[in-house]
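J.: Following the hints, position chain B against chain A.
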Amino acid sequence: MSTTLVRPIAATGARADRRLGQVALYALLAVLSLVSMFPFVWTFLSSGKEVSELYQIPPSLWPANPRFVENYREVWTRVPFGQWLWNTFLVTVLSLVGSVLSASVVAYSFARFRYPGRDLFFMVTLGTLMLPVEVTLIPQYLLFKQLGWLDTFLPLIVPFWLGGGAFNIFLMRQFFMSIPYDLDEAARIDGASSWRVFWQILLPLCKPAVATMATLGFISHWNSFLAPLIFINSESKYLVAVGLRYFSSGVTQGQAAARPQDHLLMGAALMVALPCLVLFFLAQRYFVQGIVMSGIKG
Amino acid sequence: MSSFRRREAVEGYLYLLPWIVGFAAFVAGPILASLYLSFNKYNVILAPEFVGAKNYVDALTRDDLFIPSIVRTFYYVVLVVPVGLALSLWAAMLLNRRLLFTTLWRTFFFLPTLTPIVAAAVLWKWMLNPDVGLVNYLLAQVGVKGPGWLSSTDWAVPSLALIGLWVTVGGSRMIIFLAGLQDVPTELLEAAEIDGAGRWARFTSVTLPLVTPTVFFNLVLGIIFSLRTFEVAFIATQGGPARATWFISLHIYQNAFVSFDMGYASALAWLFFLILFAFTFLQFRMSRRWVYYAGERAR
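Just so you know, the protein sequences line up as chains A and B, in that order. Residue 1 is where the first sequence starts when you use our numbering, and the numbers rise one by one after that. Residue 299 is where the second sequence starts when you use our numbering, and the numbers rise one by one after that.
Chain B extracted, bound-state conformation:
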């Protein structure tokens, strides 16, 4: 290593130092402990008892709920992430224009994030009520018979996805896109317009490439957060009807804090972690092909 590169490495580690200290002091220990517990029988009161890989084997071969819960969670992700990303970016571009009362519109769009979840759950349950709900009432006006929404096994996950979209589209994702859009120079857009590029062409060949770093951020975290989705399912459906919304997070919660089988819950969490980590790693690999960093350096 040249002395120049060595100096760069030293400085790099120096700036990383707070993270290293924090990780070693507060994060690594609990993570390793949970890994250890996943090979134990542990009910929080009695001392852990080593059982080898039993928890893992049980999860993969004897637990009827585990694998379906993962599949179901991925189904939710597929419903919620691509549409959510597109809508958030669209909303951010809408609110990045010079408008009257821009501040006010943005605040309105952001309100679902600040709405107390209990209140939102109550209201959504009413709106999606098959018989007296607002949504089916509106559908009936145009001659469509609405589904059973949260009370139907087929529609429960899409219903939660609908609620999830309502909460997140105008939330932090939109705000992050808005920040990303500030990196798109108006001169470049104007130049493209003068060259005869239409609205769509300006979007796909100027705006979109320049915001790929924020798109990538929102994609990766959107997948992680929606795979961990818990609150809405817990409050609105409690995993039902007939386990139709029994997501992996509910399954882990159930084992950890209802049946107090902490060792088993840890094994579930680690299996879930492995899937998620592999998935995220893959996304980083693929990102080299489509994410454009103006400040990327040759390796």
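So here's chain A without its partners, still in its complex pose:
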């Protein structure tokens, strides 16, 4: 707005054009947002319905007979939901810290150092994303059984401190490689160790990338399903994503017909999604908080 004030030369026609452009822009944003949020909103409205109302065609928008309080209370009393949330929080935070630190260090190695086998190691890292998990699951189960780690949180935490996951490593490598090497060299000439270059120069410059990695990492750990399903047995140690199965069990996955607890499932799933939503909302200012890079780039 201040720009229009300091530019009095702008012709009125151009200004009208601009205003029209702004209106079109916000209209576009509103339409796209509506398309994006509709299923989420519908899920919320459905969580207050009776189960019979859930699958009628065409679906109803507002619950005919709202029972939000009853449904949500039922979710909390039928299963140890609070315990599961706490477990999930614990595992998510512990594994997330490990994977952010570890992936950054490993990515630093891939992006900034030259040594024999580096590119091979990097391709192997990516390769771990390509082999379908279905076929490594059972060997992995046997491995953790050998270690005596079954039914503990260790398999869900420890591996992330050692490598941090191919996705994160690749992501940080890309960002480190977009920072000119002159910066490292200048610091090294001034006597900085490679660790200081990493910790005090590169990592701060990659704040948006680190924030992105941490937020996406939180969401993926928070919702992790397969590993906790296989490695955890005791109900008291369940993570929420696995616990949600309680509300969909008994009937074959994927059936379109109403299942007896689907209204509860939707409410529970929404409560699981809520912390991610809040985190995403709050983490935003860090996504774009770049250090002013002028004169460094290009």
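In case anyone wonders, no lab produced these hints; they're calculated from the structure. All C-beta atoms, glycine included, are put in the ideal place defined by N, C-alpha and C. The reader is advised that the hints may include incorrect statements.
[Unchecked claim] Simulated DEER-style distance windows between Cβ atoms: (1) Val319(B) to Gly148(A): 14 to 24 Å; (2) Arg305(B) to Arg245(A): 26 to 36 Å; (3) Trp195(A) to Leu436(B): 27 to 37 Å; (4) Trp199(A) to Ala489(B): 28 to 38 Å.
T.: Same frame as chain A, now just chain B:
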């Protein structure tokens, strides 16, 4: 090797160490085990029985579903990845502007990622219902007779691609692009504008080259993740109608956990892995021509 280069190599390995330890301890074993199992008959209960290359030969010569499932999965990738990349980058640029309520818009765009998949599947099935669905209703208003979507063998894969795009366009890919866009200095864009570069020229000659590292990241992982796509097909169509959405991931799942033919499933997984790995390797080779790294060093 000069002592300087040797020191660099030692430090490089040192920073790589956590990965090496983690890989050796938790990843390498299960991977090698699955490779071993792929040469065995193994039903999870009885001990593995060595059968040589039989599983591989069967997959390539006797399995009517395997190769078509791979072709079908690649078809899905072609539909979903290029369009998805372009739309995500476009959305990221849209939300990188100074707007009113930017935080709110970004959160709205991101919501599909956080929408419980069961709920999304139910709703999409209704929206794409050929007779009473919203999409065909809207098409009818403009005089177009909509297709059968998920219930048509020709349209089932495009329908899943549509759902896939809805989930992913505003998701992690967009957020990563947003982070990448922070590396584009506004001074450079302003300088280009003063030099008379239009919107499109500023995009192609300033913004795009500087975000190629994130474009490349999203391309490589977009292909990997969409080749592994499972959940939506499993919930919305169960591979049907008439196997029209029987993707490779469903085929492996079926053999591993429904017919408990783990040896055979492992062979399928390894064949799939080889294709995917070769494909990714090729992309890295080609990336040298189009990805611009400001911090790349001479070898």
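J.: Take the hints in turn and mark each one as holding or not.
T.: So, going through the hints one by one against the coordinates:
1. Distance hint check: the CB atoms of Val319(B) and Gly148(A) are about 19 Å apart, consistent with the given range 14 to 24 Å.
2. Between Arg305(B) and Arg245(A) the C-beta distance comes to about 53 Å, which lies outside the given range of 26 to 36 Å.
3. At about 58 Å, the CB distance of Trp195(A) to Leu436(B) disagrees with the hint of 27 to 37 Å.
4. A C-beta distance of roughly 33 Å is found between Trp199(A) and Ala489(B), which places it inside the suggested range of 28 to 38 Å.
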